[in-house]
Amino acid sequence: MLLDPGFLIVQTLNGLQLAALLFLLSVGLSVVFGLMNFINLAHGTLFMAGAYLALSAVRAFDSFWLALLLAPLGVAVLGGLLYLVLLRHLERADPMRQVLATFGLIFVGVEVVDLVWGSLPHTIAVPPVLAGSSLILGQVYPTYRLFIIALGVLLFALLYAALERTRLGAVVRAGVDDRDMVAALGINIGSVFLLVFCLGCLLAGLAGAVAAPVFSIFPGMDLSVLILALIVVVLGGPGSLKGVAAGSLIIGVVDTYGQVVVPELARLTVYGLMAAILLYKPAGLIPVRGAR
Amino acid sequence: MLLQVVGIDTYYGSSHTLQGLSIEVPHGSVVALVGRNGAGKSTTLKSIMGVVPVTRGTIRFAGEEIHRLPLHQVARRGIAYVPEERGIFASLTVDEHLTLSGRRGGGERRFPPRRLYATFPELAERRRHRGNELSGGEQQMLAIARAMAQEPRLLMLDEPTEGLAPAIVERIGAVLRMLRRDGMTMLLVEQNYPFAMSLAERAYVLGKGRIRWGGTASALADRPAVTHTWLGV
Ligand SMILES: Nc1ncnc2c1ncn2[C@@H]1O[C@H](COP(=O)(O)OP(=O)(O)OP(=O)(O)O)[C@@H](O)[C@H]1O
Ligand SMILES: [Mg+2]
Chain A
3 MLLDPGFLIV QTLNGLQLAA LLFLLSVGLS VVFGLMNFIN LAHGTLFMAG
53 AYLALSAVRA FDSFWLALLL APLGVAVLGG LLYLVLLRHL ERADPMRQVL
103 ATFGLIFVGV EVVDLVWGSL PHTIAVPPVL AGSSLILGQV YPTYRLFIIA
153 LGVLLFALLY AALERTRLGA VVRAGVDDRD MVAALGINIG SVFLLVFCLG
203 CLLAGLAGAV AAPVFSIFPG MDLSVLILAL IVVVLGGPGS LKGVAAGSLI
253 IGVVDTYGQV VVPELARLTV YGLMAAILLY KPAGLIPVRG AR
Chain B
388 MLLQVVGIDT YYGSSHTLQG LSIEVPHGSV VALVGRNGAG KSTTLKSIMG
438 VVPVTRGTIR FAGEEIHRLP LHQVARRGIA YVPEERGIFA SLTVDEHLTL
488 SGRRGGGERR FPPRRLYATF PELAERRRHR GNELSGGEQQ MLAIARAMAQ
538 EPRLLMLDEP TEGLAPAIVE RIGAVLRMLR RDGMTMLLVE QNYPFAMSLA
588 ERAYVLGKGR IRWGGTASAL ADRPAVTHTW LGV
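Those sequence lines, one after another, are chains A and B.
Its first residue numbered 3, the first sequence is counted upward by one per residue in this note's numbering.
Its first residue numbered 388, the second sequence is counted upward by one per residue in this note's numbering.
To be clear, the hints were calculated from the coordinates, so they are not data collected in a lab.
From a predicted model like this one, the values you see are computed outputs, not experimental measurements.
Even for Gly, the Cβ is constructed at its ideal location relative to N, Cα and C.
There's no promise every hint is true.
So, partial list: chain B residues that the calculated Cβ filter (under 8 Å) puts toward chain A [to be verified]: (1) A462; (2) Y468; (3) S478; (4) S488.
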């Protein structure tokens, strides 16, 4: 089975599709961690919120594309409120309090979703343009999944350009290096952080909305992706965009193959890989330059 | 008076690091703050900047109280700070360092990048290099150039010559003399006593968190007891 090229192509594409979703989900987590040393475990909850908001938007407007636009915006607003009301006060708190508070939010999120949308799983239909399959490398493969891969690549390119070529990107990179020094230049790093945080939430919401037609939508769907996203962040090196991309690729592909080749080990392949990489590169694969 | 620090106390945890410290920096002057290792020189600059909080006393800048303002607000009032550890961003290019600061609005720029690169040709050659690719001397020049790009009314420098080769120290001395001629107000922290005295009109001697002596730089030269006790020179 492993030597069958058809099998390899399809599973690799599946891996890339998961990688694209993981990338969208992990970017915000990683940059926020790098910029503020703040770990937001409720980030997966925002992914779930994206999926549910997309579900409601599809029901209300009967348009997948409108849902793909509205759900991430809704999640960005939700994230912004969450930050202003709660997370802002935890920024300078010790890591244990951050972990506990945001861990608590995971359960709040699951309960709220259960209350509003019920506990039964839902799905969203793939939009007609992307329904059906395409022929790629001689294999028949769902078009929508190719769309997810393309979206991941596109957003990586956009974010990379924004980070390297714009002034805001330079401020973010500087903030990851030395936050106080950025403030000493007269830059309100707090408002930059709010902006970056909301952008990260938007991307998590986008991941949720995009995943909705592929994954089933249910209260708690955030848990398994959250764990993978945390692994991606640690593997890639917090605050590093290239690190997130590399980590997502590795975890996406390894997790996919692990699930089909040795299903009895479940996620152990991913955990084992993380342990092995961190043993050799404790700061992550692509640590931010000069990170302390 | 551009800067007035009146009776400030600063603590690190329970250690009382600055004890009722007062200094004044007149418009257009260069004031040196000298003292031994651990005297509290860096803490004084950090307290003015708002990097560490002061628990008592007042800091006035151009007549306005600034000691409760957050760091970025202090900077926007017109204070630029070159920290002892230089604060160079490892992942930013030299160019990006010089265009990062949100310069206060309007008017002709005194230090556009063109002029900064003319002042520091070493940096002009390395415009596209990142902070972590620069030598110690280049980093120090960049930290000063970045502070100049903020067009400050007060430039605070924390040991700008520390750990640098004599030729680089001479280069930095020349730039600071040029700034002094230009009328830039500076508060200069130094352990390099001759260097500080070659630039400053006034000096304060700091010892164990208190001001031990203050006056003109030339008067300090005639007080061997002070310099011996508090500076070891
Ligand atoms: N972050 C900190 N936490 C606790 N104590 C500190 C901290 N920073 C400085 N100190 C202590 O405060 C005192 C004054 O330190 P400061 O850095 O202001 O001295 P300094 O005059 O700048 O010395 P140097 O010439 O070595 O730079 C020292 O005893 C130092 O150990
Ligand atoms: Mg010092």
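Hints, one by one, checked against the model:
Because the closest C-beta pair between B/A462 and chain A is about 4 Å apart, less than 8 Å, the hint holds. About 5 Å separates the beta-carbon of B/Y468 from the nearest beta-carbon of chain A, less than 8 Å, and the hint is met. A distance limit of 8 Å between C-beta atoms decides the matter here; for B/S478 the minimum to chain A is near 5 Å, and the interface restraint holds. The interface hint given for B/S488 holds, since its Cβ lies 4 Å from the closest Cβ of chain A, which is under the 8 Å cut-off.
Going down the numbered hints, you'll see the structure goes against none, and every one checks out.
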